[in-house]
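Chains Y and E supply the protein sequences, listed in that same order. 1 is the number of the first residue of the first sequence in my numbering; add one for each residue after it. 1 is the number of the first residue of the second sequence in my numbering; add one for each residue after it.
Keep in mind that a hint or two might mislead.
[What the hints assert, rightly or not] Now the in silico label distances, taken between C-beta atoms and shown as ranges:
hint: 1; chain 1: Y; residue 1: I168; chain 2: E; residue 2: F148; range: 49 to 57 Å
hint: 2; chain 1: Y; residue 1: W23; chain 2: E; residue 2: E215; range: 37 to 45 Å
hint: 3; chain 1: E; residue 1: H97; chain 2: Y; residue 2: N158; range: 52 to 60 Å
hint: 4; chain 1: Y; residue 1: F82; chain 2: E; residue 2: R169; range: 29 to 37 Å
hint: 5; chain 1: Y; residue 1: K58; chain 2: E; residue 2: F24; range: 25 to 33 Å
hint: 6; chain 1: E; residue 1: R169; chain 2: Y; residue 2: F38; range: 54 to 62 Å
hint: 7; chain 1: E; residue 1: L30; chain 2: Y; residue 2: F82; range: 30 to 38 Å
hint: 8; chain 1: Y; residue 1: V146; chain 2: E; residue 2: T66; range: 51 to 59 Å
[Stated by the list, open to error] Dumping the calculated DSS-like pairs for lysine-lysine here, alpha-carbon to alpha-carbon at most 27 Å:
hint: 9; chain 1: Y; residue 1: K106; chain 2: Y; residue 2: K221
hint: 10; chain 1: Y; residue 1: K149; chain 2: Y; residue 2: K214
hint: 11; chain 1: Y; residue 1: K202; chain 2: E; residue 2: K5
hint: 12; chain 1: Y; residue 1: K221; chain 2: E; residue 2: K259
hint: 13; chain 1: E; residue 1: K259; chain 2: E; residue 2: K56
hint: 14; chain 1: Y; residue 1: K267; chain 2: Y; residue 2: K167
hint: 15; chain 1: E; residue 1: K36; chain 2: Y; residue 2: K149
hint: 16; chain 1: Y; residue 1: K58; chain 2: E; residue 2: K131
hint: 17; chain 1: E; residue 1: K36; chain 2: Y; residue 2: K111
hint: 18; chain 1: Y; residue 1: K295; chain 2: E; residue 2: K5
hint: 19; chain 1: Y; residue 1: K70; chain 2: Y; residue 2: K167
hint: 20; chain 1: E; residue 1: K73; chain 2: Y; residue 2: K16
hint: 21; chain 1: E; residue 1: K259; chain 2: Y; residue 2: K111
hint: 22; chain 1: Y; residue 1: K214; chain 2: E; residue 2: K5
hint: 23; chain 1: Y; residue 1: K267; chain 2: E; residue 2: K210
hint: 24; chain 1: E; residue 1: K259; chain 2: Y; residue 2: K106
hint: 25; chain 1: Y; residue 1: K106; chain 2: E; residue 2: K5
hint: 26; chain 1: E; residue 1: K131; chain 2: Y; residue 2: K267
hint: 27; chain 1: E; residue 1: K131; chain 2: E; residue 2: K36
hint: 28; chain 1: Y; residue 1: K111; chain 2: Y; residue 2: K16
hint: 29; chain 1: Y; residue 1: K167; chain 2: E; residue 2: K56
[What the hints assert, rightly or not] Which residues of chain Y face chain E? A few of them, derived with a C-beta cut under 10 Å, are:
hint: 30; residue: V146
hint: 31; residue: I215
hint: 32; residue: F280
Hints were generated in silico from the structure; no laboratory data involved. These numbers come from a predicted model, not from an experiment. All C-beta atoms, glycine included, are put in the ideal place defined by N, C-alpha and C.
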Amino acid sequence: MSQTKEAKKRKMSLEKRHNLTGWIFLTPATLMIAAMSFWPMIQAFILSLQTGTANKLKFDGFSNYSRMFKDTVFMQSLGNTFLYLIIQVPIMLILALILASMLNNKNLRCKGLFRTAIFLPCATSLVSYAIIFRSLFGVDGFINSVLIKFGILNTGYNFLGHATSAKIVIIIALIWRWTGYNMVFYLSGLQNIEYSVYEAAKIDGASPMQTFFKITVPLLKPTILLTAIMSTNGTLQLFDESLNLTRGGPSNATITMSHYIYNQSFKYVPKFGYAAAMSFLIFILVAILAFVQMKVGDKRD
Amino acid sequence: MTKTKRANALMYVVLIIVSLISVFPLYWMLISATNKSIDVSRGTMLPGTAFFDNLKALFAAQPVQTAMFNSFKYAIILTICALIICSLAGYGFEIYHDKGKDTVMSILLLAMMVPFVATLVPLFRMFSAAKLLNTTIAFILPTISTPFLIMMFRQSARSFPHDIIEAARIDGLNEVQIFFRMFIPTMRSTYAAAMTITFMNAWNNYLWPKVMMTEDGTITMPMLVANLTEGYVTDYGVLMLAVLICSLPTVIIFFLLQKSFAEGITGAVK
Chain Y
1 MSQTKEAKKR KMSLEKRHNL TGWIFLTPAT LMIAAMSFWP MIQAFILSLQ TGTANKLKFD
61 GFSNYSRMFK DTVFMQSLGN TFLYLIIQVP IMLILALILA SMLNNKNLRC KGLFRTAIFL
121 PCATSLVSYA IIFRSLFGVD GFINSVLIKF GILNTGYNFL GHATSAKIVI IIALIWRWTG
181 YNMVFYLSGL QNIEYSVYEA AKIDGASPMQ TFFKITVPLL KPTILLTAIM STNGTLQLFD
241 ESLNLTRGGP SNATITMSHY IYNQSFKYVP KFGYAAAMSF LIFILVAILA FVQMKVGDKR
301 D
Chain E
1 MTKTKRANAL MYVVLIIVSL ISVFPLYWML ISATNKSIDV SRGTMLPGTA FFDNLKALFA
61 AQPVQTAMFN SFKYAIILTI CALIICSLAG YGFEIYHDKG KDTVMSILLL AMMVPFVATL
121 VPLFRMFSAA KLLNTTIAFI LPTISTPFLI MMFRQSARSF PHDIIEAARI DGLNEVQIFF
181 RMFIPTMRST YAAAMTITFM NAWNNYLWPK VMMTEDGTIT MPMLVANLTE GYVTDYGVLM
241 LAVLICSLPT VIIFFLLQKS FAEGITGAVK
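The task is simple: from the sequences and hints, build the whole structure.
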């Protein structure tokens with residue numbers, strides 16, 4: 001009698017001990033995220049209610065927030081960021097999906113070579129690729145010299161000096177850098193789909209288009225959702241491309257929100273309160289968009 | 001049959017074109033690094049002979065060795081710390097999971113939505129108050145623990161057989177030993193994928209070091225490359241050589257770990 005009780009007790013304490021071990025294992029990571037993400041976020045919110053320069057901050061209600069919507073440069077940066085989001089993210093994800101489903105073909109030759117080539121842009125650093133594209137599209141850059149050689153242009157066109165072409169260059173650069181990254185996620189997702197499903201579809205006479213829309217897309221839905229949320233988040237936080245590819249120019253035509261916030265905090269007279277208010281808006285936008293995507297992605301057909 | 005043949009041919013054409021576009025800017029970078037600036041502007045597509053001149057000019061103009069050393073130091077220390085801390089957490093969340101831990105995990109996932117630029121000013125003030133600006137600690141702490149890595153390890157811990165844990169317990173190993181001696185060796189491909197991603201992110205990190213590394217000796221490679229474009233006249237040959245040097249470590253790591261990288265991501269996406 002007492003023996004079973006003792007055994008029970010020991011088992012209980014063992015379970016408790018394991019439970020405790022689990023908590024100890026996850027404590028360092030949890031504390032770091034709390035200290036390096038959540039705490040600064042709270043600080044940013046408090047800062048956003050203050051005005052003044054770096055060391056002389058005063059509480060001033062929501063004036064920073066109302067100021068934001070009258071700031072034409074900020075509204076421009078908001079517009080630019082959403083333009084990149086609406087045009088670049090869908091093109092990139094669809095392209096990545098198509099490439100992934102092509103590479104998933106069992107009979108394809110040189111599969112590894114294609115995969116490596118398409119993923120390679122991801123291995124270059126953000127600063128590096130921004131500068132490569134800046135040089136390629138410069139007035140005396142490669143693209144212009146080719147266009148002149150073929151007689152399409154007489155003199156170099158200033159791609160980065162015109163608002164529309166500069167935006168297009170940023171979008172092309174983003175697609176170049178990130179398509180392969182998303183493709184790897186889709187390829188991994190496709191590995192979890194039985195290949196026999198595709199073979200059965202082929203026997204049933206389904207066209208490649210039908211297979212793509214009826215099998216690949218629905219079965220990859222969770223991965224598509226993941227990449228959509230990651231890309232949205234990444235696009236709302238775009239910084240390096242705006243800074244190093246176009247310098248935000250010409251006259252703020254391509255500046256992103258993060259770039260403008262950086263300028264307000266560290267380039268000009270530091271307006272920490274105003275910068276914090278703008279970055280809090282990004283947080284709210286990311287949260288809303290992630291929520292909407294999860295709601296849409298979760299719908300069962 | 002001809003229809004599928006045509007579709008097949010089309011597929012190869014598309015893949016070859018996309019591959020060429022993907023590789024071309026990197027090929028151009030490589031070519032430009034060996035040419036004089038004037039030849040780069042003329043649109044040359046062939047290797048030149050100015051590689052060593054460019055190299056000399058680059059090393060004369062910028063502290064390449066310092067930047068290289070710093071970038072390696074920061075990225076390696078950050079990768080090791082992040083892998084240990086996040087894999088411990090991912091393992092803890094999955095193997096000993098209960099309601100409380102699941103709640104904590106979903107709260108941590110919220111941190112994925114916190115934009116880095118939003119935390120930039122508070123972080124800068126925190127590290128400035130702690131007199132930690134210009135230090136390795138300041139470089140690694142903000143990204144030492146990420147919800148993405150924790151999730152990746154938690155996902156892959158799901159496929160770690162419970163029998164192994166039970167057997168190891170009977171053999172008298174304690175929980176920490178099980179983690180280090182059983183889990184880490186079994187999950188090698190997850191670690192490889194996590195390492196590739198973390199190292200690349202650390203190496204490429206630009207915004208945070210730009211803000212808080214203000215002393216001369218603390219420069220990183222991406223900062224050095226960006227500095228080269230500051231002037232009015234850009235020497236494309238030298239610039240592309242710097243870009244090449246800055247890209248080499250991540251490209252090499254990617255090639256070395258490519259296979260396990262794909263496997264690791266597959267485990268995480270399941």
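For each hint, the structure was consulted:
Between I168/Y and F148/E the beta carbon distance is about 31 Å. The supplied range of 49 to 57 Å is therefore violated. Between W23/Y and E215/E the C-beta distance comes to about 40 Å, which sits within the given range of 37 to 45 Å. At about 57 Å, the beta-carbon gap between H97/E and N158/Y stays in the expected band of 52 to 60 Å. The hint said 29 to 37 Å for the Cβ distance between F82/Y and R169/E, and at roughly 54 Å that hint is violated.
A hinted range of 25 to 33 Å is violated for the C-beta pair K58/Y and F24/E, which are about 54 Å apart. Taken as a hint, the range 54 to 62 Å is violated for the pair R169/E and F38/Y, whose Cβ atoms sit roughly 35 Å apart. Hint check: L30/E to F82/Y, Cβ distance near 36 Å, so the stated range 30 to 38 Å holds. Look at V146/Y against T66/E: about 37 Å separates their beta carbons, and that is not inside 51 to 59 Å.
Taken as a hint, the K106/Y and K221/Y pair is honoured in the structure, with Cα atoms around 22 Å apart against an allowance of 27 Å. Distance hint between K149/Y and K214/Y is unfulfilled; the C-alpha atoms sit about 46 Å from each other, more than 27 Å. Proximity of K202/Y to K5/E is assessed by CA-CA distance (about 14 Å); at most 27 Å being required, the pair is judged to hold. Of the supplied pair hints, the one linking K221/Y and K259/E holds, its CA atoms being roughly 25 Å apart against a limit of 27 Å.
With a C-alpha separation of about 36 Å, the suggested pairing of K259/E with K56/E is violated against the 27 Å cut-off. Of the pairs offered as hints, the one joining K267/Y and K167/Y holds, with about 23 Å between alpha carbons and a cut-off of 27 Å not exceeded. The suggested pairing of K36/E with K149/Y holds, with an alpha-carbon distance near 19 Å, which does not exceed 27 Å. Simply put, K58/Y and K131/E have alpha-carbon atoms about 24 Å apart, close enough for the 27 Å limit, and the pair holds.
With a CA separation close to 36 Å, the supplied pair K36/E and K111/Y exceeds the 27 Å bound. Proposed proximity of K295/Y and K5/E is contradicted: the alpha carbons are some 41 Å apart, above 27 Å. Our distance criterion of 27 Å between C-alpha atoms is met by K70/Y and K167/Y, whose separation comes to about 23 Å. For the hint linking K73/E to K16/Y, the alpha-carbon distance of about 40 Å lies beyond 27 Å, and the restraint is violated.
For a cut-off of 27 Å, the pair hint linking K259/E to K111/Y stands: about 13 Å separates their Cα positions. At most 27 Å may separate the alpha-carbon atoms for a hinted pair to count; K214/Y and K5/E meet this at roughly 22 Å. Proposed proximity of K267/Y and K210/E is supported: the alpha carbons are some 11 Å apart, at most 27 Å. Between the alpha carbons of K259/E and K106/Y the distance comes to roughly 18 Å, so the proposed pair stays at or under 27 Å and holds.
Our distance criterion of 27 Å between C-alpha atoms is met by K106/Y and K5/E, whose separation comes to about 15 Å. For the proposed pair K131/E and K267/Y, the alpha carbon gap of about 21 Å is at most 27 Å, so the pair holds. Distance check on the hinted pair: K131/E and K36/E sit about 44 Å apart at the alpha-carbon level, beyond 27 Å; violated. For the proposed pair K111/Y and K16/Y, the alpha carbon gap of about 50 Å is over 27 Å, so the pair is violated.
Distance restraint check for K167/Y and K56/E: the Cα-Cα separation of roughly 36 Å exceeds the 27 Å cut-off, and the hinted pair is therefore not satisfied. With a cut of 10 Å, the hint placing V146/Y at the interface with chain E holds, because the nearest CB-to-CB distance is about 6 Å. For the restraint placing I215/Y at the interface with chain E, the shortest Cβ-Cβ distance is roughly 17 Å, beyond the 10 Å limit, so the hint is violated. Residue-level restraint check for F280/Y holds (minimum Cβ-Cβ distance to chain E is 6 Å; threshold 10 Å).
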